[in-house]
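**Student:** Fit chain B to the known structure of chain A by using the hints.
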Amino acid sequence: MKPRIGVASFPGSNDDRDALRAIRFMGAEPVSIWHADRDLNGADGVILPGGFSYGDYLRTGAIARFAPAMAAVREFAEEGRPVLGICNGFQILCEAGLLPGALVRNQGLAFVCRRIHIRAEDSSGNFTKFSAGEVLQIPVKHGEGRFVAPPNVLGRLDDGGRIAFRYCAPDGRLDHRFNPNGSSGDIAGIWNERGNVLGLMPHPEHAVDPDLGPTGGQQVLQWLLTAARHLARASAITAV
Amino acid sequence: MKHRFEVLVSLKAGLLDPQGKTVQDALPTLGWDNVSEVRVGKHIELVVEAEDEASARAQVEDMAGRFLSNPVIEDFRILAMEETS
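Read top to bottom, the protein sequences are chains A and B. Counted from 1, the first sequence has number 216 at position 216 by this note's numbering; the numbering is strictly sequential. Counted from 1, the second sequence has number 71 at position 71 by this note's numbering; the numbering is strictly sequential.
Hints are computed from structural coordinates only; laboratory data are not their basis. Since we're looking at a predicted model, the values are computed, not measured. There may be inaccurate statements among the hints.
As the list claims (entries may be wrong) - Calculated pairs, EDC-like style, for lysine to aspartate or glutamate (alpha carbon to alpha carbon, straight line, at most 20 Å):
| no. | chain 1 | residue 1 | chain 2 | residue 2 |
| --- | --- | --- | --- | --- |
| 1 | B | LYS12 | B | ASP75 |
| 2 | B | LYS21 | B | GLU37 |
| 3 | B | LYS2 | B | GLU82 |
| 4 | B | LYS12 | A | GLU144 |
| 5 | A | LYS141 | A | ASP56 |
| 6 | B | LYS21 | A | ASP159 |
| 7 | A | LYS129 | A | ASP159 |
| 8 | B | LYS2 | B | ASP33 |
| 9 | B | LYS12 | B | GLU74 |
| 10 | B | LYS42 | A | GLU193 |
| 11 | B | LYS21 | B | GLU74 |
| 12 | B | LYS42 | A | GLU144 |
To be verified - Not the full set, but computed from the structure, chain B residues with beta-carbon under 7 Å of chain A:
| no. | residue |
| --- | --- |
| 13 | SER10 |
| 14 | PRO18 |
| 15 | GLN24 |
| 16 | VAL72 |
| 17 | ILE73 |
Glycine included, every Cβ here is placed at the ideal spot set by N, Cα and C.
This is chain A alone, in the form it adopts within the complex (with noise of 0.2 Å):
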């Protein structure tokens, strides 16, 4: 059975087309979810894409989180269904305060747009580990992705198993020099307590498809669909 994914689009929103394709790529089955619509469109698994939704008034994030569909997609994380926030679905994840910490203007002030490396950690998302070490390669393109939390926070975060990728050289060695926005702990991406919701700056779904470059976010759209799929075929059982 495909698993149904939604990728919700907000005023602003720019990568929503690429993820549903990527979803399309990876062989699940793509749905829209509007902005101002209040359920998901029957979707087993959510993005949350990239862009500059509500034109990053206020803050990054900051508007959409009011959005009708963002009291949908809360709910559906708080009942434990995957949720996956790109770069501007990290910050919207932030700024609702379903994940931790805060993302702020890059370090060097300019806008990074590049392919980088990041590593995956050892920590624990549901239903499927990344192969800690594992070295992906994946384009960033974001003027604030320096992502900080208070030292509790992050110790939290570490301890817990709860950073799933950082920002690292080629070889998967960590090196500020290669960390593109300034963030705490070489930080790009990272898990809720409950490891159903993941956000990362870095974008899977411009990284699928092997004609075009790197294919370093098929792991991280596969663990979406995985996860997806258990909790589809959880509440197909259910129903009979």
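**Tutor:** Coordinates of chain B only, in the frame set by chain A:
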């Protein structure tokens, strides 16, 4: 009664403010070489209709803490302006 406020939002002390640093670094090029600790923040003006200033201010405190600023990275100050009819 309408009550006018200004909310000043700034990045928390200790958190790197690249924008402030860039402004600071540009000042000496215009001859001002005695300026330090430049921080760039936000200035939000608003009018609240409420029975008295205390309840209007309480509401602004709540809005500033939950929406106008992000407590993870920002601090805010509230200034009451002159009353408007």
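**Student:** All hints are to be evaluated individually against the structure, with a verdict given for each.
**Tutor:** Structure-based check of each hint:
no.	hint	verdict
1	B/LYS12 - B/ASP75	holds, 6 Å
2	B/LYS21 - B/GLU37	holds, 8 Å
3	B/LYS2 - B/GLU82	holds, 10 Å
4	B/LYS12 - A/GLU144	holds, 16 Å
5	A/LYS141 - A/ASP56	holds, 15 Å
6	B/LYS21 - A/ASP159	violated, 33 Å
7	A/LYS129 - A/ASP159	holds, 16 Å
8	B/LYS2 - B/ASP33	violated, 43 Å
9	B/LYS12 - B/GLU74	holds, 5 Å
10	B/LYS42 - A/GLU193	violated, 32 Å
11	B/LYS21 - B/GLU74	holds, 17 Å
12	B/LYS42 - A/GLU144	holds, 16 Å
13	SER10	violated, 13 Å
14	PRO18	holds, 5 Å
15	GLN24	violated, 13 Å
16	VAL72	holds, 4 Å
17	ILE73	holds, 5 Å
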